[in-house]
Structures are given as C-alpha cells and as structure tokens.
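Protein chains in written order, with the numbering used here: chain A, 1 to 337; chain B, 338 to 674; chain C, 675 to 999; chain D, 1000 to 1324.
Hints were generated in silico from the structure; no laboratory data involved. Warning: the hint list may mix true and false statements.
Derived pair list, reagent style SDA-like, types lysine to any residue, alpha-carbon separation capped at 20 Å [as the list claims (entries may be wrong)]:
id: 1; chain 1: C; residue 1: K927; chain 2: C; residue 2: A982
id: 2; chain 1: D; residue 1: K1320; chain 2: C; residue 2: D957
id: 3; chain 1: B; residue 1: K381; chain 2: B; residue 2: L660
id: 4; chain 1: A; residue 1: K176; chain 2: B; residue 2: S530
id: 5; chain 1: A; residue 1: K176; chain 2: C; residue 2: D957
id: 6; chain 1: B; residue 1: K628; chain 2: B; residue 2: E609
Listing some non-contacts, in silico: residues in chain A with all C-beta distances to chain B over 12 Å [what the hints assert, rightly or not]:
id: 7; residue: E18
id: 8; residue: G164
id: 9; residue: K176
id: 10; residue: R196
id: 11; residue: Q200
id: 12; residue: K206
id: 13; residue: G211
id: 14; residue: D218
id: 15; residue: R227
id: 16; residue: F267
id: 17; residue: E272
id: 18; residue: S275
id: 19; residue: W277
id: 20; residue: G294
id: 21; residue: Y295
id: 22; residue: E311
Calculated from the model, a selection of chain D residues having no Cβ within reach of chain B, i.e. all distances over 12 Å [what the hints assert, rightly or not]:
id: 23; residue: Q1032
id: 24; residue: Q1045
id: 25; residue: Q1109
id: 26; residue: P1183
id: 27; residue: T1202
id: 28; residue: D1285
Model, not experiment: these values are computed from the prediction. Don't be surprised by glycine CBs; every beta carbon is placed ideally from N, CA and C.
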Amino acid sequence: MAKTVVAPPTEDNISRAEMLDLYRLMLRVRRLEESVYRKFHEAKIGGYLHRYDGQEALVAGIVPQLQLPQDKILCTYRDHAHALACGTSAREIMAELMGRATGCAGGKGGSMHLIDPDKGFLGGDGIVGGPIPISVGVGYALQYTGSKNICVCYFGDGAMNQGGVHEAFNMVGLFKLPVLYILENNKYAMGTSVQRSTGQLDFVLKAKAHGIAGERIDGMDVLNVRRIAERVIKQIRETGEPYFLDVECYRFFGHGIGDDNTGGQKFYRSEEEVSKWRQRDPISQILRDLKHKGYINDEQIEAIEAEIKAEVEDAIHFAENSLEPPLESLYENVFSE
Amino acid sequence: MAKTVVAPPTEDNISRAEMLDLYRLMLRVRRLEESVYRKFHEAKIGGYLHRYDGQEALVAGIVPQLQLPQDKILCTYRDHAHALACGTSAREIMAELMGRATGCAGGKGGSMHLIDPDKGFLGGDGIVGGPIPISVGVGYALQYTGSKNICVCYFGDGAMNQGGVHEAFNMVGLFKLPVLYILENNKYAMGTSVQRSTGQLDFVLKAKAHGIAGERIDGMDVLNVRRIAERVIKQIRETGEPYFLDVECYRFFGHGIGDDNTGGQKFYRSEEEVSKWRQRDPISQILRDLKHKGYINDEQIEAIEAEIKAEVEDAIHFAENSLEPPLESLYENVFSE
Amino acid sequence: MAVMRYQQAVRLAMTEEMRRDPNVFLLGEEIAQYQGTYRVTEGMLQEFGERRVVDTPISEIGIAGMATGAAMAGLRPVAEFMTWSFALSAMDQLINHAAKITYMSGGRIQCPVVFRGPAGVGTQLSAQHSHSLESWFAHTPGFKVVMPATPADAKGLLKTAIRDNNPIIFMEHAGLYGLSGEVPDDTEFMIPFGQAAVRREGTDISLVAYSRGVQMCLKAAEALAKDNISAEVIDLRTLVPLDMATVVASITKTHRAVVVQEEWRNVGFAAELATRIYEQAFDELDAPVERVAGADVPMPYAKNLERAAIPTDADIVAAAKRALA
Amino acid sequence: MAVMRYQQAVRLAMTEEMRRDPNVFLLGEEIAQYQGTYRVTEGMLQEFGERRVVDTPISEIGIAGMATGAAMAGLRPVAEFMTWSFALSAMDQLINHAAKITYMSGGRIQCPVVFRGPAGVGTQLSAQHSHSLESWFAHTPGFKVVMPATPADAKGLLKTAIRDNNPIIFMEHAGLYGLSGEVPDDTEFMIPFGQAAVRREGTDISLVAYSRGVQMCLKAAEALAKDNISAEVIDLRTLVPLDMATVVASITKTHRAVVVQEEWRNVGFAAELATRIYEQAFDELDAPVERVAGADVPMPYAKNLERAAIPTDADIVAAAKRALA
Ligand SMILES: Cc1ncc(C[n+]2csc(CCOP(=O)(O)OP(=O)(O)O)c2C)c(N)n1
Ligand SMILES: Cc1ncc(C[n+]2csc(CCOP(=O)(O)OP(=O)(O)O)c2C)c(N)n1
Ligand SMILES: [Mg+2]
Ligand SMILES: [Mg+2]
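Chain A with its partners taken away, still in its complex shape:
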C-alpha cells in the first residue's frame, strides 16, 4: 500500500475565525449524526442510515473552500455531512430523514438522497460508485460552459471496485475535466477491509492508470486536508484537469444502522483498532490545536456546544412538527414539466 504522507506540522496560514469555523462545522456534523440513531430507534427515521462520525475533516477541509452553488458536489449515501457543509439547514436535513414535506427533497429522498441544488449540492447516491459516472457529465457541463468551476465527487474505498468508476475515470482523464475526486478511504466497505477487496492497494495508481494524477493524504487532520485541498482546488481551476485524493480516514461507527457497533462489526475489526483511530478524532485534534493556540477557552467551548445542541434540537422539533408529504404527491415529480 502506498505510504500515507503525514504532513509535518507546518504553520497553517489560518486565522482563528477560520479555525473556529472548521471546528464548529465538524462539531455540527458530529452532533447531528449523534441524534439520528436515536431518532431511528424512536421509529422517526426509517430505511438505511449511515453516519459520518470520524470522517468530518473530509467535508470540513474541502467544502467551505468551494464557490457554491457554481461549484458542484456529488457524494454517497453517507451524505448528511456533505449537505450540512454545503449549507443545507439542519432543519431540512432532519425533516428529510423523517420523511417530511419540509425536507430538502420533500420527503421523497430520505437519508441516502439528501440534495440541495440551490446550494450546488447535487446529492447523495445509494448506489456504490453511482456518482462517479454522473461526475463526468457535471464536469463536462462546467467545461462546456467555459466556467472555472469544479465538481467535487466523494466516494468510498469499496466503490473503487465498481466498473462504472473506471469507465468514468478514463473519460475524465481523457477529456480532462475539472473534477476533484475524494476517496473517503475509511478502510472498510461494510465488513470488507481494503486488503480483502482489491488486488492492488495503491488507489492513487488506479487513478493514474486512467490519466488522473493524485496523492494519498491523511484525512484525520482537518488542517492537513484543508491545506492540500486549497492547493488542489486552485490547480484544477487553473488547469481544468482532474485530480484524485485518496484520503485516509476511519468511520467510528458501524457501516450503518444495521451494523450498529454490535454483532457484525466484531467480525471485521477489533475494539483496539477502533479505539486507536478514535485517538485521532479530527474534532479532538482541532480542539487541541485551538486550545494550544489560546484561540478558545472552556466557556467558548460550552457556548459552541450549546449553540449546536440548540440547532439540532430545533431541527428535530421542526421535523417532528412538519407534515408528511400529502398523499396526492405520490404521482408528482415522476416527470418535470
């Protein structure tokens, strides 16, 4: 496997405000995710449900740097964080998870299909590998219209084994389209470790084989992600050419609600492994940095927690008090006008 280049602790050219923003965004993601299993067990949320805990740096380090809604984002079913980072309100997210008319997809999409085109967020996708062929067209449209905008497309390590991903990579490499691929490499596809899913572990080589340059980076440190993303986004805008980031991370919870840190997980990863990665929790890391720099004190920490708690509670309250979609809407939206 390609060795991850753990960046030396460079001094980031980053202000206190920006650091606080990163912290706040990651914490908002975390606290929102923490609420959704609860709501599932209360039977307020149904279907499949996948949390982003542990991977927050992958959205916080990248999405805030985009020019939304002109830049476009595509991602997987593990999409709550992406929606929130794009600017979809917690209310609309929670209402969608609860299948309410006020949800960002009117209740028709659910957890795997959050979407908010007005924010540049073209949505989650329930099909492993599904968004990557779509990214070819989004990238082509951005190039076609002569814009300097880019498409950021997230997907998992398991998706690297989907044929459509390779067809798409090749087309993007051939046509040279402005797409940034973010491999959310949390090492597992459900219960299958990358060692058991691929014949060759250097994912960057897989992208290169199709003409897309890339690198492997540490994704537990949001400042590292942010720094690399800044350079890479600039480069894509300038050259119009794609780039691939294999971002090492870890999901702290099971694959989804059906693999809730219980039975299934025991078969594929150890408590030790999980706790080792939890020590690199991206939120704890930036909090430590913030403290270290004297950018935050306990009172401020509590204030942020309180503010976020209120946001999540408000979102739940909003969603629970929203109406279900009207039954007449069953046949609406099959077609656009």
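Let chain A serve as the given structure and place chains B, C and D with the ligands on it in line with the hints.
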C-alpha cells in the same frame, strides 16, 4: 505510451516442423478469412463479420502451446482464428458462418459466437469486454478443481474502457487466478484510435493497478509471441497467478464487413499507415525466416497453399451443402435438460 | 416537404435542435469522426465541432452517466447507444439515476436527456445484438418511451424529445433507417407525446402497433382488404405516455383488436396493451385480443430461424382472421 | 418437520446442497466473514471454508461474470446479490451471457447457476433499493424465475434451482425473511418448477400471486370470507415456467380473477398473467381480470407515500369486490 520491447532476433529453440506448423496455421486463418467476405457478398453469410488478417500471430503463437481441452479459451467476436487454432474444423466454422445445422453452434451462434467446448474453446462474444468477467469464473473453476490448467482470454484495446473488465481484473488480481489476458492491441476500436479512447496509454499499468503483472510485446512476429507465451504460460501454471500481455498488432482490413476498407476507414487511418503495417505481415515474416533457414522451398510453399485452398473449398462446399437448422429447433436449447 | 429517409430525419431533428439551442450536444461511440455506425450523425462533427459532437470510449456506463450528469447540470445531451443492446451495460445509470433523480429530489432536479439509437431485429445479428428493451423501459417509471414508425415522426418526435425536460428513451428501428417518406421542413414541426396516429382507417378490426410493427400492420391491412376485411391501423408513437383514448375509440368501432410487438412475447408491452384494452373496453370486445409478438428465444443467427422468431405481416393477417372467426 | 424462518430455510437449502455436491459454491458481497447482510449465509463460511463461500468486492458485473463463467466451466455457483436492486449493474452479464450461452452454443454449453438475493419493498429503502425486476427477467428467454412465498417453498424451490442445469433467478422477499413455517427435514425435499400451489380453496374468485403477494392474498381471503366470499388463492411459485393449467382450472371454477404483483404496474408480470388468462379462458370470465400492482413511481422514502405505493390486502379485497360487483 510504453515502448514496445521489440525482441532482438534471438535464435529460437524451434524445429522446422514447429515453424512450418506456425506458418500453416497462420495461412489457414488468412485463407479462411479471405473467403468469408466473398461469401457475405454472395449473401451466404449474414450479420456482422470481423476478420483477423494481420493478427494471426496472436493465436498461432499461443494456442498451440495450450493443453486443450483442459485449458480454456475465451475471445471476442473476431473469433474465426481462435476456433481454427483450437482445432474446430474449417467445415464447422464455415457452416456456422452460413447458419447451418452442421455449424459448431448448430447455426444458432453465427460468426460472433463460434464455440467448441470439446476443444476447450468457450467461445466468441459479441459484447466488447464481455468475456473478461466470464474469465474470472473460468479461472476460479480451474483453481477450485486443483488443476494446473489455465484460461486464456483475448480481448481488444477498446475493451479496456469497459467497466466490467476492471471489475474482473481486480477480482483476478485479488483471488490470484490462473488467467492469461491477451490484449489484441490493434490500435483501433472501430474508428477510434487508442489515443482517442484512453486517458493513459500504458495498458500494462492498467492491469498492474489491479494487481496483475504484465508486459507489452510485439505481436507481428509469431516467433516472438511464441517465445514469450511459452515462458508466461509456464509461469502461470507454476504460480497459479494471472498475467497480462499487451500485444501490439494491426488489423489489415476494416473493423468488419460494414467498414470494408472503404468509406469509414478513410476517416480514421491512412493508406500509408496500413501499408507500413502490412510490411510486417506475420505470415510474410515467418515465410522469410523459413526460406532463410532453408526450411521451405517454392514447391513446398505451393503444396501448402494448395492443401489450404482445398481445405477452405471443402469447408465451403460442406457448408453450402449442409441443411439449415430445422424450424422445430427454434425453441430448442433455450434451456438445457 | 422534403422526401428523405428515416435515418436522415433523425439527423435533421438533431441538427435543427442544435442550431436552435447551444446547450444541446451529442455524445456516443463513433458518432463524430467515424460519422456514425449507421451514418446517422454524418456531417455533424463538421458542422458543430468536437465540443458538441463527442466521441466517447466504449463505455456505456460512462456515456449514460455523462449524459445524465450533464443534464442535471443544465445541458441537454443526446446520447447515442450504438445499438440499444449495449444499453444493457448501462442499466444502473439509466434506471437508478436518469429515471429517478427528478423524483428522488422532490422535483428539484431536472434531467433533460435523450438516449437514442437503433434497436430491432432482422439482419442476423444474433442473440446479443437484437434487443430493443422497450418493455423494460416502459416498466420503469421516470422515462418517456418513444418509438417512431415513419420518417416524419422520427423528426417530429425527436424534436419534442430534445425539448422535453425529462429522460427520454428514443428507439429507432435499424430496419426502418432506409425507409423514405415526406418530412416537413418546418423547424418548429413537433409531434406531441401521447397522441397515437390512425395510420389507416377501418371498421372491422384494430391493429395496434409501434415502430416497425406499424409498417407490418399497414401491409397486413392491405392483404386483409383483399379479403374484404377493413382494418384500422393505430401507431402508438409513444409507449409512455400511452394514448389509450385513441385505441379504445377504435375498438369501440371495430370490437376486435390485434396488438403487435417485435420483441419477446412474455411480459412484453403487448401484454400491457392487451390488459389495458380489457380493463378499459371489456364490454366492447367481441373476441379476445390477439397478440402478435416475437418468439421467446434468444435471437438465433440462422436466417430461417431468425425469420421464424420475428413476427410478420402474415402473422398479423392470421391473427386478425382468428379474431374475426 | 422443523419450524423455521424463511431466511433459515434458504440457508438450509444451500447447506444441504453444498454437503451433497462439492461443485456447489457461494459467492457474493459480505456473505462469508460478515455472515451475510441479512444473515442468510450465517455460519456457512465456518462450515465450508473460504474456497466455497467467497466474499467478493463490490463488483456486480464481476460477480455475475464469475458465476456464469464458473458454471460454464462445470461448477454450480450460487451467487448472491446483496439486494436485487444491485443486479441492475450486472444486466449485460446476466442477459447477454448467463441467459444466452446455452442457446448461442446450440446447447453445447450448460450454465447451471443460481442468482439469488432479497428483493421487494416496504422498509423505506427509497427509490434505488426497492426493485425486484421479476418482470424484466421473465421477459428474457433463458432464465427460470423463482419467487417463493413460504419457508418450505424457499427450501424446496432453492434445492431444485441448485440442481437445475440452467440459470435461475431466485428472488427472495426481504419482507418474508422473518416469516416462520414448517419446513421438511428431508434432504431430498424438492419442489418442481412450473407447479403452482393452491394455498386456499375457494369458489367465488381466484386470487393469483407469488412471493409476498401470496401472503397478502391469504389475508385478503380471510377478510373476504367474513363477507361470505370464498376466494381461492394460487401461489405461482415460478413465473418461468408458468403453470397456467392450475390458474385456468381455478378460473373455470370461479369465473373471476385478481392478479397481484408488488412491483410497478406498467408492463409488469400481472399484465402477462391477465393477458394469458384472457387468451386461455376468455369465455370463462364473468368480469374483467382485476390487476393489483405497485404504483408507477420510483419508490418514495416517506413512510406514508411508500405505503401508498405498495399494494395491500385491502387493495386485493377491493379488487375482488369490484370483480364480483
Ligand atoms: C452497486 C451496489 N452494490 C452494493 C451496495 C450495498 N452497499 C451499500 S454501502 C456498501 C459499502 C460501500 O463501502 P465504501 O464504498 O467503502 O463506502 P463507505 O460505506 O465505507 O463510506 C455496500 C456494499 C450498493 N449500495 N450498491
Ligand atoms: C458493450 C459494447 N459496446 C459497443 C459494441 C460495438 N462494437 C463492436 S466491436 C467494437 C470495437 C471494439 O474494438 P476493440 O475492443 O479494440 O476490438 P477490435 O475490434 O479492434 O478487435 C464496438 C464499439 C459492442 N459490441 N459492445
Ligand atoms: Mg469505505
Ligand atoms: Mg482494437
């Protein structure tokens, strides 16, 4: 693009008889192919029809070294040569092309679907990239039964852009299956040159990205193909691991009967390019070698030509005098017993 | 009116729409430099350039995804499948993405994309190259399914398709590409979806079909006329949306129907058509609806077997006579 | 007889057949180490080892190809699709390869492969995860299509499938996995294909269904009985081959029929069933066949909308009453 390693003219450890066999097999392929367009224009053959002229060394240099029928072969719609090399008679091939009951598939398959399982030939395939996923299973069966047999799977440069090929490569690389991949790299997929179809031209790297080792070789020189195949086949039998050969070659005719060296071709390759490659005709090359070594004289050349002419004429006669499949057979073979 | 071939009419529709709307572009295998496998896009690269006539690798998943993504991002792609048989590789992108994104997004995303290409049987292309799959696509909510039977319709329906804001399955019949007919010059000539055409009026029996089946029905109607049987021929034009009103009106007059489909009989579109006829006109029927369809076998290569697997005008005549017996 | 769940019966069939025949092996995503997404293959890795219980990457094309190729080369693979929705990615391998190789080879190649997995709707999995696609597969010649409705059938039909020399589409219903019932212990207990079961006898109306639809029909029959309507419930078990004799015999007795299907209505299997009933029993029918089917929409997520999109026993009761009105 990876530079082809044109082998130095080593002294092959090859007998006169073997060299004559290679010559004879390639010539049989050529003469058979030369007859099929004629028969198409006589409306004796229908459908799509793809010739192998120029690529003969890729079957002659490999197939005779296999242990058929225990070893298995899969290939594309450009499959007449493969059938002949596996030992399917010209009669059964021609009868299949003419849709007769005596054809190797009873007239139900046609040109793109020659097949002869008793000879280890698991058939041509009309879908670009189609045989590669199948090769995973064939390779798995060979490994499962503990045999030392291998599967040889042929496919075109255009197929490298099919997603299924990448899924299959990865599985073969991961499971380490005894499959030899032969990329019939004739530089064009219909009218699309490799330069216009791939984001990155080193096909060996594409295989490596999935954990399959390989190399690029010259496929216009049958002795070169034979020598490399000998080593590689031995290696696969010993290790049980896959290997990939990117074999440089050229098709002297258009893609198929609908691109018969006329209209279409003019758009994508020049007369000069074709005639340059024709100078490396694998049949002329080995004939020159045979003459050079004093292994053959004009009389013998004529005798071989006459013998092959007779074989092809006999095949045509046989096919033309064979019955069409009975109409009652329309619903037969939808299912096996 | 100009007389032109079906294949030229398809090209004309695309050309006119590309001149009108700079967001329309084409993509597919061999459509640009090679001028199209069936020469449908001949000359279009020369007129519109590489940006708008895009040759792709042999990557059906990629093509479907590229078209869908571009449509989601505001363009109006027209993607060619070299033949519809190859769309089998792209089903996930077509069904799970193109057809569903509008619904899944609660209507917030439009997906104005046309998937087109030749389908149909008849020239010994054998088992893997003989699909049309309209029954599958009609089964899947989110697609409009369009199958023109004449050159004029090829133009008028394709123009409507390109201007529609939804994913369209536009199936041409390779066996009709050479068919000549009058085609309106009008660059605003558009045929609305969901309006069947009565191609021939009649009083004794209704022959209902689409695509090449319509041409077979017209021949059958000729033959039936010699036996003093007056057949009405209905061309559905679009399977989704489906104009049952015209079908029911015809059957209310004739009281008998033959439904025709070239593809495999089992669970095919003709079964849906027959079922809807029973559901909506049971009491009008004087005989069971006769179904003429392809044999339930992978397409055999041999000429005689292929012929036996495909329905013909003679089969329609026989079916009509059974219904009238 | 042991009482067990449908999901356990599926496992039992595989386990027995793997003990009997060393050429049977399993492959699929998360079936081995993870013990199966729905725990269908729980414990099987432990009993049979990695060679015979193969975890694959998330590569549906590769899975379908691997299974098909292994079958062509003499093994008897049982491939799991984690859900049938994901089979959309594998359509080319399934349709153009598995289903056709026997025919294309003139019968020279056998392809004894079972593709199985959960299908069906009902737990808010939304648009991309709610397919069953039996209508597509039944449309495609070369497949046998099997859809068990009870634990005993799950065992008996799967054993028959594994011993059959053809590609089998074996669709389990995720909503039935928890259903308990008696299952014969006999390791030779096999249910032949093409023989429908009369699950409940009745004289007034025939309710014809498969998979979970059968359970809905049984509930509907209970409800109808309270209104003194005697409904006969027929479980088709296999859609291909289809036992029309049992269906026609029932309708000859009842003269009325409701056909039930969970998936999208348009061009679905229920339309084929209705059409065949008309073709084979037109004169026996006292009312049009009633069709109960899923709404023609991509499956919505919201619980109330999903419920409205799926047919229920109440819909069957209403349809039966319409037919009897
Ligand atoms: C084509 C397809 N096959 C299978 C699945 C079922 N499935 C959902 S998520 C998942 C694992 C994906 O793992 P990865 O890509 O690594 O993403 P992660 O869940 O780790 O974020 C699987 C197998 C699916 N949704 N789509
Ligand atoms: C999936 C699929 N897409 C498209 C085609 C149409 N087609 C047939 S052959 C061909 C070109 C293939 O080129 P290559 O793989 O290089 O093989 P070659 O013909 O050069 O031997 C194409 C596009 C097909 N048969 N299958
Ligand atoms: Mg993962
Ligand atoms: Mg080629």
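Now for the hints, and whether the structure bears them out:
1. Simply put, C/K927 and C/A982 have alpha-carbon atoms about 33 Å apart, too far for the 20 Å limit, and the pair is violated.
2. Using a Cα cut-off of 20 Å, the hinted pair D/K1320 and C/D957 holds, with the two alpha carbons roughly 18 Å apart.
3. With a CA separation close to 13 Å, the supplied pair B/K381 and B/L660 stays within the 20 Å bound.
4. Restraint check: the Cα-Cα separation between A/K176 and B/S530 comes to about 17 Å, which is no more than 20 Å; the hinted pair holds.
5. With a C-alpha separation of about 62 Å, the suggested pair A/K176 and C/D957 falls outside the 20 Å cut-off, and the hint is violated.
6. In summary, the hint linking B/K628 to B/E609 is not supported, as the alpha carbons are separated by about 28 Å, beyond the 20 Å threshold.
7. Every beta carbon of chain B lies more than 12 Å from that of A/E18, the smallest distance being close to 36 Å; the non-interface claim holds.
8. Chain B draws A/G164 into its interface by the beta-carbon criterion, the shortest separation being 5 Å against a cut-off of 12 Å.
9. At roughly 8 Å from the closest C-beta of chain B, the C-beta of A/K176 falls inside 12 Å, breaking its exclusion from the interface.
10. The Cβ of A/R196 does not lie farther than 12 Å from every Cβ of chain B; its closest approach is about 8 Å, which violates its non-interface assignment.
11. Look at A/Q200: its CB is around 4 Å from the nearest CB on chain B, not clear of 12 Å, so calling it non-interface is violated.
12. Not every Cβ of chain B is farther than 12 Å from the Cβ of A/K206; the closest lies at roughly 5 Å, contradicting the non-interface assignment.
13. The non-interface label for A/G211 is inconsistent with chain B: the shortest C-beta to C-beta separation is roughly 3 Å, within 12 Å.
14. No Cβ of chain B comes within 12 Å of the Cβ of A/D218; the nearest lies about 23 Å off, and the non-interface call holds.
15. With a closest Cβ-Cβ approach of about 27 Å to chain B, A/R227 is found to remain outside the 12 Å limit, as its non-interface label requires.
16. A/F267, annotated as away from the interface, keeps every beta carbon of chain B farther than 12 Å; the closest lies near 19 Å.
17. Annotated as non-interface, A/E272 keeps its C-beta farther than 12 Å from every C-beta of chain B; the closest such distance is 26 Å.
18. No beta-carbon of chain B is positioned within 12 Å of the beta-carbon of A/S275; the least distance is around 29 Å.
19. No beta-carbon of chain B is positioned within 12 Å of the beta-carbon of A/W277; the least distance is around 25 Å.
20. No beta-carbon of chain B comes within 12 Å of the beta-carbon of A/G294; the shortest separation is about 47 Å.
21. The Cβ of A/Y295 sits about 43 Å from the closest Cβ of chain B, beyond the 12 Å cut-off, so the non-interface label holds.
22. Consistency note on A/E311: stated as away from chain B, and its beta-carbon is indeed over 12 Å from all of that chain's, at 41 Å minimum.
23. D/Q1032, annotated as away from the interface, keeps every beta carbon of chain B farther than 12 Å; the closest lies near 14 Å.
24. Remark: the non-interface label on D/Q1045 is consistent with the geometry, its nearest Cβ contact in chain B lying 19 Å away (cut-off 12 Å).
25. Not every Cβ of chain B is farther than 12 Å from the Cβ of D/Q1109; the closest lies at roughly 5 Å, contradicting the non-interface assignment.
26. Every beta carbon of chain B lies more than 12 Å from that of D/P1183, the smallest distance being close to 26 Å; the non-interface claim holds.
27. D/T1202, annotated as away from the interface, keeps every beta carbon of chain B farther than 12 Å; the closest lies near 36 Å.
28. Annotated as non-interface, D/D1285 keeps its C-beta farther than 12 Å from every C-beta of chain B; the closest such distance is 34 Å.
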